[in-house]
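Undergrad: Listed below, chain by chain, are the residues.
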Amino acid sequence: MATPNLRIDVHHVTRVEGHGNIVVDVQNGQLKQCDLEIVETPRFFEAMLRGRPYGESSHITSRICGICAVGHATASLRATENALGVVPSEQTVLLRKLNFHGEMLDSHILHAYMLVAPDLLGVGSVIPLAKSAPEVVLRALRMKKLAGDLCAALCGRHTHPIAMTVGGFTHFPSREQLGELRERLIAMRPDVEATVELFTQLKLPAFERDTEYVALRAKGEYCYIDGEIASSDGGALPLTDYRKVTNEHLVRHSSAKRTHHMRESYMVGALARFNINFDELHPKAKSAAAAIGLKPKVTNPYLNTAAQVVEIVHCSEDAIRLCDVLIKRGLTWEEPVKPARLSGEGVGACDVPRGTLFHNYVIADGLVTGANCIIPTGQNLSNIEGDMRALVPTMLDRKPPEITLALEMLVRAYDPCISCSTHMLNVRFE
Amino acid sequence: MVTALKQTLIDPSIYLPTYGVVRNVRPMTGMEKLFDIALPEGMSLGHKPGQFVEVSLFGVGEAPISICSSPSRSNGGFQLCVRRAGDLTGLLHTLTPGSPIGIRGPFGTGFPIERFRGKDMLFAPGGLGLAPLRSLINQVLDERSDFGRVIILYGARSPAELLFTDELAAWKARGDVEVHLTVDRGDENWKGNVGVITTLFPKVEVHPRNTVAVTVGPPVMYRFVLMELLGKGLPDGSIWLSLERRMKCGVGKCGHCQINHLYACQSGPSFSYAQIKHLGEAL
Amino acid sequence: MSAKPKIAFYEFTSCEGCQLTVVDSLQLYPELLEAVDIVRFREAMSEMGDDYAIAFIEGSCSRPSDEAPIKAIREKAALVVALGACAHLGGINTIRNRHDLGEVRRFVYGDKAEWYDTYPARPISAVIKVDAAIPGCPIDRHEFVRTVKRLLQGRAPELPDHPLCVECKLKENVCLYLRGTTCLGPIVRAGCDAICPTYGDSCEGCRGLVPNPNIEHLKEVLTEHGLSVDQTLAKMTQFLTYQVMEMEAAGHGDPQPAH
Amino acid sequence: MNPMIIPKAALDDWVRLLRSSYRVVAPRPLHGQHVFGEVGSASEFDLGYPTSVLPPKKYLFPAREDLLKFRTDAQQVEATIDGPRTVVLGVHTCDMHAMQLLDRVMATGYSDQHYLAHRNKTTLVSVECLKPCTAGSFCKSMGTLSTPEVFDLHLTDLGDAYAAEVGSDRGAALLPGLKAARPFADKDTARLNRVMSEKWPRFPLRLEFDVTELPSLLSTSYDSELWKELGERCLACAMCTNVCPTCYCFNVMDEVDLTLKSGKRLREWDSCQLDKFATVAGGHNFRTARAARQRHRFFRKGKYQTDAFGLLGCVGCGRCAEACLVHITPVDTFNELYRRQHQPAAATPQGG
Ligand SMILES: Cc1cc2nc3c(=O)[nH]c(=O)nc-3n(C[C@H](O)[C@H](O)[C@H](O)COP(=O)(O)OP(=O)(O)OC[C@H]3O[C@@H](n4cnc5c(N)ncnc54)[C@H](O)[C@@H]3O)c2cc1C
Ligand code: SF4
Ligand code: SF4
Ligand code: SF4
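Chains as they are written, first to last, in numbering that gives the first Met the number 0: chain A, 0 to 429; chain B, 0 to 282; chain C, 0 to 258; chain D, 0 to 351.
Certain hints may be false.
[Claimed, not checked] Think about it this way: if two alpha-carbon atoms lie no more than 25 Å apart in a straight line, the pair counts; the simulated DSS-like pairs of lysine-lysine are:
1) K202/A / K337/A
2) K170/C / K260/D
3) K171/B / K202/B
4) K75/C / K144/A
5) K120/D / K5/C
6) K202/B / K190/B
7) K120/D / K3/C
In case anyone wonders, no lab produced these hints; they're calculated from the structure.
From a predicted model like this one, the values you see are computed outputs, not experimental measurements.
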């Protein structure tokens, strides 16, 4: 029995970062409207950067998002470094990768345990979960703490990192600290295994919709920083051609911009990375994927969370490896590499927890004159709406609350960072 | 003189308070309450008028409070008159009889009452300044025959803010105490003097050579009262006052109460004008 | 306060990093969940309670339509606490206040600029009375917990009002001025344990100015260490734009901002 | 006890030996500065260090220290007095003078048992300063270039060995077990004498008058215009007092845990240079102007402490001069006051 009329209006989706509304309007069984509205206040980061010393960019743009602050800072630094001809040292590259794993772990654990798991366990948040399944919540807090401590040792803190600067770091962990982190990461393995176990048991909704997947790719590693932009529909582009991938445009119901590449929309994030870079995953992560039942190419967007769990395995194992490498090399207190010039244009790209992030700056005489940031959630919005449009018609025989929950869970599966996504724009470089 | 309570300070820590208990709480005005505090069995405060204790409420902190009861009327305990001024004093105001309270002290030098004997006494408290002075006034009255005239000039902002009104009335009723009151602003029932405390001074004649004046009040008051007293010809050494400063330890370490080279908690808070008139930071 | 106080979290223009730090503080202080009753925390929970005593507001007010909900929170909550630099000072969002806002909007949204409603970003205290603030970008988790404890005790939270240099020296950091860079430490409120200088970066002022800062003389120090006027201004306006503009307005005898 | 010789090659053995019964702290190089911290071997510290950021005072009077612990739901409170037995290696003579002053302050009137407990558990191994440590130091002018009597063991660098003079039983207790230590021989005495006689010319006198004049100079400079000039420059950042080995002002506060049922009372260094230092409830501040605060600081250093304890309040270590971003220094301040009094016509604002 079809529902001829349906109106869904979720005012502020909860357990996502930032403010977004879901609006669905079905009249006489016809889907009239199906939007994810972004109602976050515009923040004008690109405009704020103009006229400011290049060294401030990474600090200002890290304030775009509290969850992927390390990601923003890294992309920003890479853009500035490319603009000013700075080639960071090998040690810097290693430390940035390790730091990235810290943030990836922190974000994925937060998303999987605190934002998604409550849905699957039928509660509203982790707070009742703390009563009904304290061991699950304590495990999440324990793992998150280690991820946070990892970032803190490297850059001071995870939310708005301090010690990351153009050309390097301004502070270095001690050998003992690295050794201790390594021990703790090893000791965390049972928690990681329990996480995989949890997500093999939890049932994520079934829903398939093939789409284009986009992620950074580099030879010989599961790429998070730099590389080239790869598409599941084939081909790859250098970072400087990012505009050919993103093709931004504005829509009325959103303060965030939309993007499309080969198809109407594409997906970025853990699932896209999994689909594109599966071969480069750590063997333990591959076994975890097998245990959960993931095999590329995965086309169920709800499984983005499962892909995040696979990345939790990968990042914790790769972090152990990086600690070993750093300890073996020995850490030196390097001065940051000085810019070769004070003017230029550069693009920096990272695959942050929610997907591919681009920063692009024009710098003249040490001051930023133009800036463009393209955020993962912005790239995903069209794809989420595409999923919603495909999903709603299949559910019209269900009760509205059920449909609403399915839609909310869908949005949440993308782990959207809506406050981030309102910072993108079309930029006129002056 | 080492009193039982002071003795407890010596070991193991000068910062360790002793638990007393609030025996009675009496609201005085909207802002002040009078606390009657008993010390543990066998312990005495053994204070002198003008001294203070450090009052502790654990979890909130400590504050210096003058002892307002006279040593001559110890009754097994002592009294504090406390104005609600912030965190600690705010919480103190919520205490009920039976509540424990941390006490360290007594600290400071107090007024040298021995040297006042035989003299006429002129007391000039302003506002809450009556609290520390009440201790001295009552001791003087309990040893009335040792002193000459006793004059009290007391000013408060309004009739509702006058402290110890019952005692003021009783002192007046004795016949051997001259009591003059004033308020900055009167109300419909107020029949007495209106004006700041200095307006009371012309009402009394004193023998400058045979009078000791003691004044306690807010910092702004001192300059004007001193002018009056000096105008009456009192020598610097016969004018006493109490200088309150920020205090964190009470034992001459923390540095907050320093007035030039003097620690108010050790050399004061009672000073003669002669002791402090050359100190740039005193008044 | 004897019963567990109900607390709610709200966010306006911000990156939600401060709320994230609240979540992080649970890692260190799981007993927080025992001490308070969280009734609204959109970032982390679906339940939406409307009955609360303490509201923590994150983010600055940056458009006219934010004002009504902010005022509604004030109506309900017995205590309103500004959470983080955006709420406390206007924060990073106020950088744009020095630009022409119409132009800023066009720069970001091109010919669609008029779709987006905005005005100069401001601290929450410019819209409603706030009872306390937890400064910082992001907040310091220990300070958050200290504040909660003070509120549980029924006391007004107190911010340190000494400059950052105090904490920095106690940590025995190399003063950044000796490392050839500059720092706002001497005029900025401590309380973060000097985390930025400790990690080798200069204080950017996210906790706001101390009372009575000697800005004039710090500017001379900055000049002595080679900063141009532009660089000094950039330093002073990363987090402090609102405070600095208020002081400029007061200095020029202009009326204070309307709120 | 006769002086001993400790070969430098034996330093590491000595540290390891001491560590079996003490916490051993020494000046460790850190990013171009030196910071007193715990050490495990001789390679971690440098006894020829110029100066330390914070003085070793921090082991006797920590920047943050628990005084009491209590419960709020029961009448339970006790003093917290503990701390490990510590050997401080490499205390400069100026800092020894500062500790001598602290010893007096903390034992005068009421004794501060927390300080004294640390003091009793601490063995001070001082070192003879052989060259000025920074441009800001003026120990020779202040008469602090030789160690006062309060040392436990005093080391003088003879090149490949230290001459160790024992000042107390506590100091003597550090040597048994160190096999490489040997009694002084004649040639050691000659070496020591040579080192000592070569040292003095290396130190300039930086005060333009004799330090015994300082208290009286200050008492006639109370109303000097200089205080106002310093007040205008001073940032009120308190770095000067925080690094000072003779400053000991503190604040006391309570901290409770999240249950509000238990907590502790602790003290933390405070500074007369800070805005709120002399502010009482209601907001009245007894030392509002930065000028008055600077005056108070320098009076404490040059006069008040001398009047009260017979020892100078400044030991000439120069730390505050190095720390101050606006270049307010004791030497310049004292000299400027002196100049203004003695050549009033030629008085110029202090440089910087
Ligand atoms: C010698 C002396 C005697 C006093 N006698 C009395 C008295 O009899 N009755 C009375 O009501 N008040 C008296 N006071 C004032 C009383 O100590 C303050 O009102 C009280 O400390 C305020 O504490 P609070 O926590 O309630 O206020 P808050 O405003 O919360 O305190 C603010 C901070 O300032 C400090 N502080 C504020 N004022 C003072 C002060 N004067 N001395 C030390 N620290 C201060 C507190 O320790 C606290 O840290 C006296 C003060 C002194 C120095
Ligand atoms: S680094 Fe900054 S905060 Fe630290 S002492 Fe120097 S100026 Fe002060
Ligand atoms: S270090 Fe210098 S600027 Fe800072 S308080 Fe001391 S004198 Fe003033
Ligand atoms: S005043 Fe300055 S020079 Fe003198 S002892 Fe203190 S820090 Fe050293």
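Undergrad: Now, for every hint given, state plainly whether the structure supports it.
TA: So, going through the hints one by one against the coordinates:
1. K202/A / K337/A: 51 Å, violated
2. K170/C / K260/D: 30 Å, violated
3. K171/B / K202/B: Distance of about 16 Å is within 25 Å: holds.
4. K75/C / K144/A: 34 Å, violated
5. K120/D / K5/C: 48 Å, violated
6. K202/B / K190/B: 16 Å, holds
7. K120/D / K3/C: 45 Å, violated
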